[in-house]
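Colleague: Each chain, written out:
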Amino acid sequence: MTHTQDKSTAMRQGVLIFVYLGILTVLEYFIAVAFDAVPLLVVVALVKAGLVMYYYMHIYRLSEDDGSDEHSYAYKTGTNRLGLWLFLLSDAFVFGGLMVARINLLGMTRPHLNQLLGLGVTAVLLISSFFMNRAETAIAHGDRKTFMTGTFITMILGLLFVIGVVGLEWQLAKIEEVIANRDVVGAVFYMMTGMHAFHVLTGVILLFTVWNKGRKGLYTAEKHWGVEAAAVYWHFVDVVWIFFYPALYLIGKVL
Amino acid sequence: MTNIKPVWRGLFLLVVGALIGYGVGLGLDFAVQKTVSYQAPVAGLFSLLFGAIFFFFGLIGYHGVTKGLVFQVLGTLAGALFVTGIRAAMGLGLWGPFLFTEPAWVLGGLVGALSFLAGVGAVTDWWKWALGEPTSDHHHDEPGWEKYFGVSLDHKVIGIQYTVVALLLISVGGLFALIFRTELAASGLQFLTREFKLFDQNGLQMYNSLMSLHGMIMIVSILLGIAGIMNYVVPLLLGAQDMAFPRMNAFSFWIAVPAAVLLLSSIFLGGFDTGWTGYPPLSVRAPVGMQMFFLGVFVAGWSSILGGLNIIATTLRMRAKGMTAFRMPILVWASVATSLISLTATQLIGLAFQLVMFQRLLGMGFFDPDKGGNPVLFQHLFWFYSHPAVYVFVLPGLGVISELLPVFVRKPLFGYKWVAMSSLGIALVGFLVWAHHMFTSGMNEYLRVPFMYSTLLVAVPTGVKFFSWVATLWKGKIRTPVPMLFVLGGIVVFLMGGLSGPPNATVSTDLHLHDTYFIVGHFHDTIFGGFVFPFFAAIYYWFPKASGRRMNEFWGKVHFWLMTPSFFVLTLGMMRIGLLGMRRRIADYDPALGFDLTHLVLTIAGFLIALSVLIFIINFFHSMKNGEKAEGNVWESRSPEWQVPSPMPMHNYEHEFEVVGEPYDYGLAGSRYVKFANEK
Numbered sequence: 001m002t003h004t005q006d007k008s009t010a011m012r013q014g015v016l017i018f019v020y021l022g023i024l025t026v027l028e029y030f031i032a033v034a035f036d037a038v039p040l041l042v043v044v045a046l047v048k049a050g051l052v053m054y055y056y057m058h059i060y061r062l063s064e065d066d067g068s069d070e071h072s073y074a075y076k077t078g079t080n081r082l083g084l085w086l087f088l089l090s091d092a093f094v095f096g097g098l099m100v101a102r103i104n105l106l107g108m109t110r111p112h113l114n115q116l117l118g119l120g121v122t123a124v125l126l127i128s129s130f131f132m133n134r135a136e137t138a139i140a141h142g143d144r145k146t147f148m149t150g151t152f153i154t155m156i157l158g159l160l161f162v163i164g165v166v167g168l169e170w171q172l173a174k175i176e177e178v179i180a181n182r183d184v185v186g187a188v189f190y191m192m193t194g195m196h197a198f199h200v201l202t203g204v205i206l207l208f209t210v211w212n213k214g215r216k217g218l219y220t221a222e223k224h225w226g227v228e229a230a231a232v233y234w235h236f237v238d239v240v241w242i243f244f245y246p247a248l249y250l251i252g253k254v255l
Numbered sequence: 001m002t003n004i005k006p007v008w009r010g011l012f013l014l015v016v017g018a019l020i021g022y023g024v025g026l027g028l029d030f031a032v033q034k035t036v037s038y039q040a041p042v043a044g045l046f047s048l049l050f051g052a053i054f055f056f057f058g059l060i061g062y063h064g065v066t067k068g069l070v071f072q073v074l075g076t077l078a079g080a081l082f083v084t085g086i087r088a089a090m091g092l093g094l095w096g097p098f099l100f101t102e103p104a105w106v107l108g109g110l111v112g113a114l115s116f117l118a119g120v121g122a123v124t125d126w127w128k129w130a131l132g133e134p135t136s137d138h139h140h141d142e143p144g145w146e147k148y149f150g151v152s153l154d155h156k157v158i159g160i161q162y163t164v165v166a167l168l169l170i171s172v173g174g175l176f177a178l179i180f181r182t183e184l185a186a187s188g189l190q191f192l193t194r195e196f197k198l199f200d201q202n203g204l205q206m207y208n209s210l211m212s213l214h215g216m217i218m219i220v221s222i223l224l225g226i227a228g229i230m231n232y233v234v235p236l237l238l239g240a241q242d243m244a245f246p247r248m249n250a251f252s253f254w255i256a257v258p259a260a261v262l263l264l265s266s267i268f269l270g271g272f273d274t275g276w277t278g279y280p281p282l283s284v285r286a287p288v289g290m291q292m293f294f295l296g297v298f299v300a301g302w303s304s305i306l307g308g309l310n311i312i313a314t315t316l317r318m319r320a321k322g323m324t325a326f327r328m329p330i331l332v333w334a335s336v337a338t339s340l341i342s343l344t345a346t347q348l349i350g351l352a353f354q355l356v357m358f359q360r361l362l363g364m365g366f367f368d369p370d371k372g373g374n375p376v377l378f379q380h381l382f383w384f385y386s387h388p389a390v391y392v393f394v395l396p397g398l399g400v401i402s403e404l405l406p407v408f409v410r411k412p413l414f415g416y417k418w419v420a421m422s423s424l425g426i427a428l429v430g431f432l433v434w435a436h437h438m439f440t441s442g443m444n445e446y447l448r449v450p451f452m453y454s455t456l457l458v459a460v461p462t463g464v465k466f467f468s469w470v471a472t473l474w475k476g477k478i479r480t481p482v483p484m485l486f487v488l489g490g491i492v493v494f495l496m497g498g499l500s501g502p503p504n505a506t507v508s509t510d511l512h513l514h515d516t517y518f519i520v521g522h523f524h525d526t527i528f529g530g531f532v533f534p535f536f537a538a539i540y541y542w543f544p545k546a547s548g549r550r551m552n553e554f555w556g557k558v559h560f561w562l563m564t565p566s567f568f569v570l571t572l573g574m575m576r577i578g579l580l581g582m583r584r585r586i587a588d589y590d591p592a593l594g595f596d597l598t599h600l601v602l603t604i605a606g607f608l609i610a611l612s613v614l615i616f617i618i619n620f621f622h623s624m625k626n627g628e629k630a631e632g633n634v635w636e637s638r639s640p641e642w643q644v645p646s647p648m649p650m651h652n653y654e655h656e657f658e659v660v661g662e663p664y665d666y667g668l669a670g671s672r673y674v675k676f677a678n679e680k
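Line by line, the protein sequences are chains Y and U.
Under our numbering, the first residue of the first sequence is numbered 1, with each subsequent residue one higher.
Under our numbering, the first residue of the second sequence is numbered 1, with each subsequent residue one higher.
Warning: the hint list may mix true and false statements.
To be verified - Sample of chain U residues facing chain Y (criterion: CB under 8 Å; computed from the structure):
1. 318
2. 371
3. 580
As the list claims (entries may be wrong) - Output of the computed footprint for chain U on chain Y, the stretches with three or more beta carbons under 8 Å from beta carbons of chain U:
4. 83–91
5. 99–107
6. 169–182
7. 210–218
Derived from the structure by calculation, the hints contain no laboratory data.
Small disclaimer: the values here were computed from a predicted structure and weren't measured.
Yeah, the Cβ is synthetic: ideal placement off N, Cα and C, and Gly gets one too.
Using the sequences and the hints, build the whole thing.
Modeller: Take a look at the structure:
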């Protein structure tokens with residue numbers, strides 16, 4: 001794999017993108033509170049998703065030239081990368097379907113949820129994406145220590161997100177009468193957050209295997225497809241939340 | 001002759017296992033319910049599973065599929081007991097009408113399917129990867145027939161596994177059809193009566209279960225059938241050594257096996273009466289069998305999704321040198337188009353069925369109007385897959401037709417580029433037509449006309465294909481061995497399917513035709529023309545490549561000449577009574593309608609088709625060992641796989657080839673398609 005950037009530039013880029021994403025998230029929140037302008041929220045979400053997909057998931061790598069030797073690691077990684085992106089495309093249809101169900105069933109209304117907690121878990125997931133990117137960038141430049149720390153922190157933040165959603169938010173929502181079997185509002189809320197939390201959990205398991213293999217020293221600057229795959233998957237789960245967060249917390253009137 | 005003895009041993013043990021399973025089931029039922037019913041559902045299910053396990057044990061011993069099935073049974077029990085334990089802790093009821101409660105069966109079924117994969121060994125390498133242990137890069141199968149009963153990473157072995165399981169499921173689905181077709185032969189209820197009792201269902205309920213399962217079992221068998229052809233042929237056409245992801249390829253096949261078991265288990269666990277569509281609210285009220293059906297489709301869906309992913313990645317990354325997009329064989333284009341649909345849209349039927357599963361399990365009100373839900377939403381999600389799904393079924397078949405036609409006409413394929421693009425065109429337009437199934441559903445009326453026009457638009461790329469076929473046939477030197485007969489039959493039958501389509505797509509006529517036998521006739525025409533005929537053509541055509549022998553030509557012709565006229569009678573008869581008002585999906589009809597004679601003829605035609613397929617299956621297995629040797633280029637094809645001796649060696653081409661010309665330039669002097677590395 002060729003790296004056009006040196007390590008400090010790549011690391012700085014990760015920080016910069018994180019700052020942009022943070023600003024956009026705060027902006028999104030205030031747009032929702034102050035204007036209730038759905039089209040604007042859609043634009044912000046698309047910009048955020050675009051930033052993550054380009055700078056954190058490196059979608060442009062799909063069109064990189066991997067040489068012509070079909071048995072080289074670079075070529076196989078290119079094939080794996082394509083396979084992973086196709087899988088994500090497929091998976092995106094599940095979340096797209098849930099989004100369609102949400103729009104069809106709830107329209108311009110939303111469940112009564114704890115705004116602070118919503119913003120909190122969103123921030124946790126965003127920060128985890130930052131550390132994931134940091135870990136991947138580190139191993140790509142042979143920095144094992146930063147890679148291990150970054151992966152570990154990402155994993156912990158991922159667990160924190162699941163605890164925040166399933167452990168806290170689900171309990172608080174129940175108090176606010178958002179109940180799965182009472183009406184369709186509860187059904188949609190638990191289905192969307194549950195499906196997403198399930199994906200976060202699988203991501204945590206993937207990260208654990210990556211961390212475990214990293215501990216054994218199985219990744220190098222040249223060969224670390226496993227890290228890249230886990231990272232791309234992790235960011236994908238973040239992209240899903242970039243759309244689910246406004247869909248559940250920001251748009252429409254509270255029921 | 002060495003494999004004769006294991007088969008008899010297996011069949012003997014099958015009977016023993018079925019009896020033991022029945023006894024175990026009765027015992028368990030008695031332990032829980034304190035009564036014994038000899039048509040007991042659970043005993044039937046155990047009988048099926050134990051029979052299958054014992055059969056494979058007798059055939060190959062305790063590894064491969066045998067071990068997978070044992071793991072599936074144990075996994076199902078473990079999952080079900082886990083839920084039962086939780087229910088005990090929560091103070092809920094422990095047992096249901098079918099031994100376990102519904103949530104216990106659902107989790108058990110899921111755990112069982114995953115356990116199967118662990119047992120058969122489809123995830124072993126991935127497990128090692130996760131632990132950081134090394135795995136062998138080159139997989140090696142032992143020679144002989146036993147490799148087909150365990151995990152192999154060779155795309156050719158997997159292709160044959162897919163094809164044989166598809167034929168098996170076609171037989172099961174066909175058998176179901178024969179049973180309910182026999183009931184329909186005369187008005188009134190003959191044997192599926194109210195007094196009839198089997199697996200806790202009366203005759204009418206059994207009719208519904210068989211009719212519903214006929215649909216879905218056939219759909220799964222078609223998905224496996226196209227996967228079989230694509231798996232075997234596409235890497236050979238591309239000049240690849242294997243698929244891009246051989247382990248995932250094996251996974252995609254093996255996950256379909258527990259899916260089939262789950263689907264079949266639904267008939268034992270109370271069945272279900274919704275038809276293959278599973279619309280709520282009916283599917284919310286149906287017995288536990290409904291859940292097994294949903295779960296089976298969900299699991300089978302992953303086979304289709306991952307299989308499609310593999311085809312796309314293989315095509316994009318592993319083509320031979322010089323094979324630019326417009327020098328790819330048409331079958332490859334068609335496979336990519338089909339895979340794009342199965343990769344993406346399949347998720348929506350999975351989601352739709354999942355939502356109903358959760359509605360049943362947890363009372364979540366997605367499709368319950370009382371809770372603010374919307375049943376029509378289910379139909380949108382469902383048809384978003386299930387309409388494009390028919391293009392998944394037929395595109396590879398139409399690709400096979402375009403692939404074989406020039407070979408037997410000895411002329412270039414007419415309008416190659418247009419045909420190549422038409423597959424993608426059908427796939428893409430196919431995403432925009434789903435609501436034509438819902439003209440009578442009560443959806444917003446303004447949606448009708450746009451969906452009518454988008455549907456009629458499908459006729460344009462399909463018409464391109466027909467023009468190409470007719471123009472290719474024009475003034476050709478037509479040869480008609482068996483594969484070509486099926487190609488021609490496929491074209492004619494698909495034409496009938498195509499012509500009977502627009503009346504269903506047009507709102508004004510569809511309001512009359514909806515849910516009648518006209519739809520059933522139209523549908524069977526499209527699927528026979530687009531899948532069944534080309535599937536048989538492909539098997540007759542590539543059989544020598546896989547086995548080094550030819551299928552018997554005479555019995556192949558008998559198969560064709562028996563099946564084709566019977567099939568015309570069947571579907572034209574269906575359309576006739578459909579136009580006159582025969583409803584689909586019902587077990588009985590008013591004798592005053594005057595359909596008795598037609599229904600009798602339809603039933604006879606159905607049995608004749610079954611007979612022809614039986615002849616095919618006997619020919620298939622008989623020719624494997626005893627067929628006429630055919631190791632060369634039997635069809636005089638230009639395609640690369642026929643330039644090397646049959647059967648294909650394990651790692652495909654010994655020498656790589658380069659594409660140096662157009663794929664279908666038959667009859668043009670001096671033209672060539674591929675050049676092997678060892679040629680001058």
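Colleague: Are there hints from earlier that the structure breaks, and if so, what are their numbers?
Modeller: Number 3 - this is the single hint that the structure violates.
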